[in-house]
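Visitor: Below, each chain spelled out in residue letters.
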Amino acid sequence: MKKISTLAFCLFAMPAAWAGSEDTYAEFKAMMDRSFKTTGIAAKHRMYQLDFQKACSQDKQPAKAEMARIEAEQLKTIRYPADGKYFGNWKEGEKIAVSGRGLTWTDKTPHDNGGGCYNCHQMSHHEVSYGTIGPSLLEYGKLRGNADDVVRYTWGKIYNAKAFNACSNMPRNGDAEILTEQQIKDLMAFLFDPASPVNKK
Amino acid sequence: MVNPQKSIRLALLAGLAVVPLAQAGDELLDGINAYREALADGNPSELVAAEGEELWKMPRGPKNASLEQCDLGLGPGVIKGASAQLPRFFKDTGKVQDLETRLMTCMETLQGIDPQAVVKAGWLKGEKEKMAALVAYVVTASNGHKIRIDMRPPEMKKMYEMGKLAFYYRTGPMDFSCATCHGDQGKRIRMQELPDLRTQAGAASGWGSWPAYRVSNGQFWTMQHRLNDCFRQQRTAEPIYGSDATIALSVYLAATANGGKVVTPGIKR
Amino acid sequence: MNKQRRNVLKTGTGAAVLGALAAAGLIAPGIALADWNKAAFEAKSMADTLKALGATQPADSKDVQLTGPDIAENGAVVPVGVTSAIAGTTMIAILIDKNPNALAGSFKLPEGTEANVQTRVKMGQTSNVYALVKAGDKFYMATKEIKVTLGGCGG
Amino acid sequence: MATKPMRIRAAVKDGVTEVKALIAHEMETGQRKDANGAVIPAWFITELTATHNGKLVLSSEFGTAISKNPYLAFRFKGGAAGDKVAISWKDNKGESRTDEAAIA
Numbered sequence: 001m002k003k004i005s006t007l008a009f010c011l012f013a014m015p016a017a018w019a020g021s022e023d024t025y026a027e028f029k030a031m032m033d034r035s036f037k038t039t040g041i042a043a044k045h046r047m048y049q050l051d052f053q054k055a056c057s058q059d060k061q062p063a064k065a066e067m068a069r070i071e072a073e074q075l076k077t078i079r080y081p082a083d084g085k086y087f088g089n090w091k092e093g094e095k096i097a098v099s100g101r102g103l104t105w106t107d108k109t110p111h112d113n114g115g116g117c118y119n120c121h122q123m124s125h126h127e128v129s130y131g132t133i134g135p136s137l138l139e140y141g142k143l144r145g146n147a148d149d150v151v152r153y154t155w156g157k158i159y160n161a162k163a164f165n166a167c168s169n170m171p172r173n174g175d176a177e178i179l180t181e182q183q184i185k186d187l188m189a190f191l192f193d194p195a196s197p198v199n200k201k
Numbered sequence: 001m002v003n004p005q006k007s008i009r010l011a012l013l014a015g016l017a018v019v020p021l022a023q024a025g026d027e028l029l030d031g032i033n034a035y036r037e038a039l040a041d042g043n044p045s046e047l048v049a050a051e052g053e054e055l056w057k058m059p060r061g062p063k064n065a066s067l068e069q070c071d072l073g074l075g076p077g078v079i080k081g082a083s084a085q086l087p088r089f090f091k092d093t094g095k096v097q098d099l100e101t102r103l104m105t106c107m108e109t110l111q112g113i114d115p116q117a118v119v120k121a122g123w124l125k126g127e128k129e130k131m132a133a134l135v136a137y138v139v140t141a142s143n144g145h146k147i148r149i150d151m152r153p154p155e156m157k158k159m160y161e162m163g164k165l166a167f168y169y170r171t172g173p174m175d176f177s178c179a180t181c182h183g184d185q186g187k188r189i190r191m192q193e194l195p196d197l198r199t200q201a202g203a204a205s206g207w208g209s210w211p212a213y214r215v216s217n218g219q220f221w222t223m224q225h226r227l228n229d230c231f232r233q234q235r236t237a238e239p240i241y242g243s244d245a246t247i248a249l250s251v252y253l254a255a256t257a258n259g260g261k262v263v264t265p266g267i268k269r
Numbered sequence: 001m002n003k004q005r006r007n008v009l010k011t012g013t014g015a016a017v018l019g020a021l022a023a024a025g026l027i028a029p030g031i032a033l034a035d036w037n038k039a040a041f042e043a044k045s046m047a048d049t050l051k052a053l054g055a056t057q058p059a060d061s062k063d064v065q066l067t068g069p070d071i072a073e074n075g076a077v078v079p080v081g082v083t084s085a086i087a088g089t090t091m092i093a094i095l096i097d098k099n100p101n102a103l104a105g106s107f108k109l110p111e112g113t114e115a116n117v118q119t120r121v122k123m124g125q126t127s128n129v130y131a132l133v134k135a136g137d138k139f140y141m142a143t144k145e146i147k148v149t150l151g152g153c154g155g
Numbered sequence: 001m002a003t004k005p006m007r008i009r010a011a012v013k014d015g016v017t018e019v020k021a022l023i024a025h026e027m028e029t030g031q032r033k034d035a036n037g038a039v040i041p042a043w044f045i046t047e048l049t050a051t052h053n054g055k056l057v058l059s060s061e062f063g064t065a066i067s068k069n070p071y072l073a074f075r076f077k078g079g080a081a082g083d084k085v086a087i088s089w090k091d092n093k094g095e096s097r098t099d100e101a102a103i104a
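Chains as they are written, first to last, in the UniProt record's numbering: chain R, 1 to 201; chain X, 1 to 269; chain D, 1 to 155; chain H, 1 to 104.
Isolated chain R (complex conformation):
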């Protein structure tokens, strides 16, 4: 719901570093507005940007202060597991990491989504088809251990990557309700469990 409420503020505001004229930007927004339509679960309001999305819509990153402001704001959205349990089932987590499905206009429900992790990350010893947009997460738990701060950071990163890098390419899996709390727990287990193929050859 918060996504829609911010809409009014950003419809006609320009990104801070935008070099063109205000008229051109207004024309651009009008073009986007008439060029997209609602199909299935992909409603037209998806085209309306959140403030930070707008700030990150340039060929350069925003200024440091702006980045820090966004990160501080996004950090507040992270909800840690209420029961204090960070780890689910790594086998379920692997399925979530493999699946790149969900939230497109050809998907029937907005609730049954994959994490698409392999699209961008190397993760396990046995899957050779991995992307390189994000860093390799091979042997994630083995290399980093499972101290509280590492565990909490990892949870936060999956939940809302923008809290740590304002214009990160990584989706806000928790904040944007892409994945459920249980799914994030399963992914955590996939990353940290010594028996998971992330850590075990």
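For the record, the hints were derived by calculation from the structure and aren't laboratory data. Mixed in with the good hints there might be a few duds.
Stated by the list, open to error - If the Cβ cut is set under 8 Å, some of the chain X residues that face chain R in the computed set are:
no. : residue
1   : PRO115
2   : ALA117
3   : LYS120
4   : TYR168
5   : ARG188
6   : ILE189
7   : ARG190
8   : MET191
9   : ALA237
To be verified - In silico DSSO-like links for lysine-lysine, alpha-carbon gap of 30 Å or less:
no. : chain 1 : residue 1 : chain 2 : residue 2
10  : R       : LYS91     : D       : LYS147
11  : D       : LYS51     : D       : LYS108
12  : H       : LYS55     : X       : LYS57
13  : H       : LYS4      : D       : LYS108
14  : D       : LYS38     : H       : LYS55
15  : R       : LYS91     : H       : LYS20
16  : D       : LYS51     : R       : LYS95
17  : X       : LYS120    : R       : LYS44
18  : R       : LYS91     : D       : LYS98
19  : X       : LYS146    : R       : LYS37
20  : H       : LYS20     : X       : LYS80
These figures come from a predicted structure and were not determined experimentally. We treat Cβ as the ideally placed atom computed from N, Cα and C, and that holds for glycine.
The hints should help you fit chains X, D and H onto chain R, whose structure is shown.
Guide: Just chains X, D and H now, with coordinates in the frame of chain R:
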């Protein structure tokens, strides 16, 4: 309470120091390149182009006329090299048009076919299937040509600016833009290498090899179809067929690719 | 239909009848000579397929070459080629171990046609692919593993 | 449903004719399901033959594992520029088609 900034540094250090760059991936990529080369001979696009040639010459629509007098920018009936110079600004319509919207204009003016019949059809169904065949035929006649986009008209310059804004426009539940995947060098999704569409070389290899036959589903995809699926994967709302945003993006890509080589129809994963 | 055609051929008046059928557009020329081997194509395992093809215990042979990529980005279209240097090769078949039905296709080579065919096959998953060749009344075989992987996003 | 034309290329070099053909066909396996979960029935070429000036040069049988829009390349001895190479197929629905090309 954990200091998240400190944790990040720890995590980054661990990542950089210990995890080797994925060398194994390179051998695999070599293997996949060999696979793609094996497919290049015998591109099933030829089958679609043959249908398109028939459609181009066949009298159709309320006016029972063929498309043989269609002006794709190089004069009526000239298709050789035409798509290598599209999108372009057309004086008769007062619009910047890509290949597909220009063909729609020809279908309307020469044959009396309502453009909405194309816009509203499902992909590879009805008039959109016919459009795909026509596109396959037309782009085959530009294979090997140089991409030459005429950027002199102010309308083209404006569309380029709009297209660039659209390219970086992050939105939707996943915060993606075109640049998320196509705004860096040497990246890939899964095993798929991603052209860096901000650069001339990247744009030339991307723009220059579409439209294409996709072996994964055995379908011939036009550029509008390609862009539509990019937005689907971005999880945005759906772009309207032939809409200005799609044409603006095409202008941005094609202009960035200027001077590159057209290899159409392409053959893709 | 097939049975009928064979009978027609046996009676000796076949050629004329076939010609008439072909002229009427009912059958394409040449096709009546083929006879789709249902048992072989519907067999599931390698062993059953070989049996249905009459190829018991084919010998591995260096004179049979199976070409194909080490890795295919998409199992829907995997280019494969088979050549045989064995004199008198009359048949080539392509089998994929882990497909639901192992036999992908077979090619009969009349005198004068080289033992060299290329096509594209579907593979459900990483599997051994076999080239089976018949020369005289003996069968020979070559194997290659082809890996099938995922390409783009959405998988 | 009308069948679509094939693309056949044949070229002779050093007394050997190489034929490359692309055949428009769905090659549906019968193992896929549509959006509503209903099985899409199998629809595939079962038999394919090639002739050179009317003489058989290849006879093949296909299963469902031949890719959509099949590609086929083969070689036979002989053939001269201008000779006809014809390819015919038949599918499991009983449809058939023949196309021909001149050897280049």
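Visitor: Compare the structure with each hint and give your call.
Guide: How the hints compare with the structure:
no. : hint               : verdict
1   : PRO115             : violated, 15 Å
2   : ALA117             : violated, 17 Å
3   : LYS120             : violated, 11 Å
4   : TYR168             : holds, 5 Å
5   : ARG188             : holds, 5 Å
6   : ILE189             : holds, 4 Å
7   : ARG190             : holds, 5 Å
8   : MET191             : holds, 5 Å
9   : ALA237             : holds, 4 Å
10  : R:LYS91 / D:LYS147 : holds, 23 Å
11  : D:LYS51 / D:LYS108 : holds, 18 Å
12  : H:LYS55 / X:LYS57  : violated, 35 Å
13  : H:LYS4 / D:LYS108  : holds, 25 Å
14  : D:LYS38 / H:LYS55  : holds, 26 Å
15  : R:LYS91 / H:LYS20  : violated, 47 Å
16  : D:LYS51 / R:LYS95  : violated, 39 Å
17  : X:LYS120 / R:LYS44 : holds, 18 Å
18  : R:LYS91 / D:LYS98  : holds, 25 Å
19  : X:LYS146 / R:LYS37 : violated, 35 Å
20  : H:LYS20 / X:LYS80  : holds, 25 Å
Taken one by one, the earlier hints fail for this structure at numbers 1, 2, 3, 12, 15, 16 and 19, listed in ascending order.
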